[in-house]
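K.L.:
Protein chains in written order, with the working numbering: chain H, 6 to 352; chain U, 17 to 449; chain W, 3 to 462.
Note that these hints are calculated values from the structure, not bench results.
Heads up, the beta-carbon is just placed ideally off N, CA and C, and yes, glycines get one too.
Hints are all accurate, no fakes.
Not everything, but these chain H residues come out facing chain U in the computed CB check (under 8 Å): (1) 45; (2) 48; (3) 51; (4) 52; (5) 53; (6) 57; (7) 58; (8) 60; (9) 62; (10) 262; (11) 323.
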Amino acid sequence: MKKLISAAVALSLTGFVGMASARDYISVVGSSTVYPFATVVAEQFGKTTKFKTPKIESTGSGGGLKLFCAGVGVEHPDITNASRRIKKSEVDRCAGNGINDIIEVKVGYDGIALANSKAAPRFSVSRKDIFLALAKEVPDPKDPASGKLVANPYQTWKDVNKDLPDMAIEVLGPPPTSGTRDAFAELAMEGGCKKIDWIKAMKKKDKKMYKSVCHTVREDGKYIEAGENDNLIVQKLEANKGALGVFGYSFLDQNSDKVQGSLVDGVAPTFELIADGSYPVSRPLYFYVKKAHMGKIPGIEEYLAEFTSDKAWGDDGYLADKGLIPMPTEERKAFKSDVDSKTSLKL
Amino acid sequence: MNNNLQQQHDRTMVRVQQGLDRRYRQEKRFQRIGLGAIILGLVFVSFLFISIIANGYTAFQQTYVKIDVNFDPEMIAPIGETDQEVLSKANYGGLVKKTLRDMFPEVTNRREKKVLYSLVSTGASFQLRDMVMQDPALIGTQQSVWVLADDDVDMLIKGHIDLNVPESDRRIKNNQMAWIQSLQAEDRIEKRFNTIFFSAGDSREPELSGIKGAVHGSFFTLMICLLISFPVGVAAAVYLEEFAPKNRWTDIIEVNINNLAAVPSIVFGLLGLAVFINFFGLPRSVPLVGGLVLALMTLPTIIIASRAALKSVPPSIREAALGVGASPMQTITHHVLPLAMPGMLTGTIIGMAQALGETAPLLMIGMVAFIVDIPGGPFDPSAVLPVQIYLWADSPERAFVERTSAAIMVLLAFLISMNLLAVWLRKKFERRW
Amino acid sequence: MQSTTLIIVLLGLMTLAYYMGRKRSLSLVNGRVRDLHSLPSYYGIHTALWCGVPALILFVFWISFEGAVVTGMVVDNLPQEIQELPPERLNLVMNDIRNLAQGDIVSREVDETMQGAADHYSSLLRISDMSLFVIGLSVAILGGLLAQRSINRHQRARNRVEKAINFFLVSSSSLAIFTTIGIVLSVLFESIRFFQQIPVTEFIFGLEWSPQTAIRADQVGSSGVFGAIPLFAGTFLITIIAMFVAVPIGLMSAIYMAEYAGKHFRALAKPVLEVLAGIPTVVYGFFAALTVAPFFRDLGTSLGLSVSSESALAAGVVMGIMIIPFVSSLSDDVINAVPQAMRDGSYGLGATRSETIRQVIIPAALPGIVGGVLLAVSRAIGETMIVVMAAGLSANLTANPLEAVTTVTVQIVTLLVGDQEFDSAKTLAAFALALVLFTITLALNMIALHIVRKYREQYE
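With the rest of the complex left out, here is chain H (with noise of 0.2 Å):
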């Protein structure tokens, strides 16, 4: 009775108003460039159901993965949307907060562009001009085998690589609460860093300085952390002629107008190029989901079954109509099944 009656003391206390009336809709959080997709299938979700539409707030995956795993409970979100895989310390943490079965859902593709104005010439790079242009520390420009690391000392893309053009590197790009983030550190930077040889070498000695230099952004200014929302850097792109931004291919697709993608490695992001596999930095986009919350929380296996139907993520679905890019047909099978079984996340 005691440990009831606690439990009521701490009911009512977490809940205050929530006696007043439940929560009967789903609460979404999680990454930016997820969020388009996600709140055009809620928007389907809430006009084809009896259910209310989810409530979708955009705070960048890893901000929408801390959230997720926070608790069970709710005052938690049932689900958080990832462009990029859920980590194992993340797994760890949400194990910790008693969040033990996770149903994964990888929505689609998603390709990361580094695009600029319209206006300016197109870009194209290799993955390692990227890494020397962005890294925080690069080898040593004047003997780059010494194997010898120096504060990042390339002002122009034409220091970078005598074939660019003679511009100040200005990048805009998302902060290391996004997913977006992560996948362009891993992809692109890491993606170049690997060309250097030594540093490649390095990979084997010591994992731990091998990440650190190939993931580290230089914080000098010419990396500017834009925020986690992609429409403010395409606008700040279209304003700024002269900077480059990182940002989700759907955002390109829906400004293609503004802002232009520049070819890394000589492929463009298109939607082709992206689907097949030829563009480097392309990632997959996730969204996961509490199973507790299933058949507690009104309508989140009504929200999956939408999300996951053809006529959502299929090849002609809406949701490529807004610019994602869809999995083979034998992936969104797989996935679908996991969704329909609740088979839950193992890492």
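Dock chains U and W against chain H, hints included.
P.N.:
Same frame as chain H, now just chains U and W:
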């Protein structure tokens, strides 16, 4: 000698005259600068209004496309089906696509088809669904239906898309142009008054988005704000002006209120976040919390205005009332308060207008979420008008620019009418003693 | 709905109690009012208060405990294995039960225990509501009756009623104090937590601002430097620009309005200018971002200058426009407060109007004007939406108005929007910034008010 004096006099006169000329010129210049400052201010006002109206007036119209829908029983449900559940589940999106394919049979390529489908809004399928659900007898018939055009088409028809830029830089491609022109030739495109803007909540699709949810949210927020700040503000003003003994405590309260009036609004947002949300555990994004925060914010304004109103009631009234034996409280409630009420109401309306336009503190308490449903009460998550403006201003779709401006026009209309009401009240009830 | 009915019924009862109390007081003295201690209406109000207030207090208490008690009772009846769940899971189950009880939206196929619990829940709620209704109304009736009974011609009804009103007045005016305390406490506690992680000196004197810290152990983020100087400098720069726009225009228009303008012109121009003060800041932000910033950029490009798209100039100018009416109405007040005798003296010596203004009125009004400008500065520093929408996020330490800078308020918004974690230095930094903002505006305001008051005394 005389001559000399005369000369001197003349010289002085000339000097004075010159000085006067210079001083008058200076005077003129100064006056012109003053007038210039005012004119500059007026120019700013008109420029602001013109730029917003020029950007936004088109949002009150919306483009519609007439399509000939064959309500094919095979695609929806057998003729005679009336079960709403079945009717609502049918694939209306497919129906719209098929209709478009039938209208433009020459389009066969998959990519082109996709572009073709994007001529009409995704809202079209809901429109057809609602039609069928309302009248199941439509199944099996052929109907001409005016459906919403996509926002890009809408922008083109309204002339917001510059056709002189190269095709690749445009949201509307040449083949779409051709289809639209053929539709226009058949009188299948028309602009109508945009009712959706006033009857829908937020949406990701510009053509389906409206301000009703935000207006409702603003209404609930303001109601909560008014219910708290008006009685409390008036009571505090009465106490401080009429009853408070002159001591440390009332001094502190006085200084405090003056300072609160100058505290940046965003700090009130932090107060709301720390106290109402983190400490009391009230939910995020609800008008209740918004109203509480705004009430605390507007309180100083109301108190200061109410005190001014009380001050303007001449002491003779109080003395007369006290003289015929009324208690101080009776004096206030029966005589002073009714006379000060118009002034207090004016102050309150101005405070409410301020609260209606306030955005920053609401960002702190999570009122910046994507909320489609129209809130039904102060406990439902909702946006308010200024936050909706902020959210739309950040949206990538071009069509949101005009909608943002239109929402601003609606907000300004509310604000100006509130201010006019305040002015009218003041004019109507103001008494000079 | 239930509570609305209850309130309405209660209001009805209070009206009834008012009339009954009044009637009784009158009947006690056979209608001879002067035999009563207080006017009959005071007996009425006294009765009505006794009827309404205890019932309302009960109502508030009931509502705040109802949820916990009912939940506890429902949980008590759930199967053992559900009761054993940790509280937060129980919380979820309860949410389901509540949704089920409300009936409109169901999360899945209803199983028997849940339906039972939901029925139990709604029946308990019904019982609770019914009993609240009955008990509340009986308390109201009882209170009213007792008060009505206690009425006699010597009862000091007026004094009691006035005491109750006085209580309300005092507590209302104390709310301002509580608000301030609330602000200080909420900002201070989080700031202290922030300063435990980051030294104060680094925060105040640091030249680099890069608040993003890695949020996972295995992530390589930024280093997370919290030196706030670039923010202060940015805020300062934008404020200065705003003042360069607002002070001359505002002051000159105030002078013109006060000294030159005809009655009609004044009646027309003044309200129009004041419209500027009533426009929501989010509208200015939109205007700055969409119209003014691109205009400055294009202008800069045509002059061969490189103007950043979110230049401090655009935000500052628009903010200045916003502040014009603020400066002008404050200066208008102080200029009008300069005694006419000083003007007349100056005119009598043959000075022109502009000379009188420049050499007599402005020096006399200067302290007041300075006070007004300081108030405007404090407003510019705290302004949020314009800079959020039009100024940048990059914390450049620069004095060049064509470059992008960021401000304190912008950073508070970026750090807090969407982020609800209160354990990272990043979130806490927002509170530290707010503390600085609060202190600065407070100090400015105190100084300004002091100057203005001193000035007023001079001519009174």
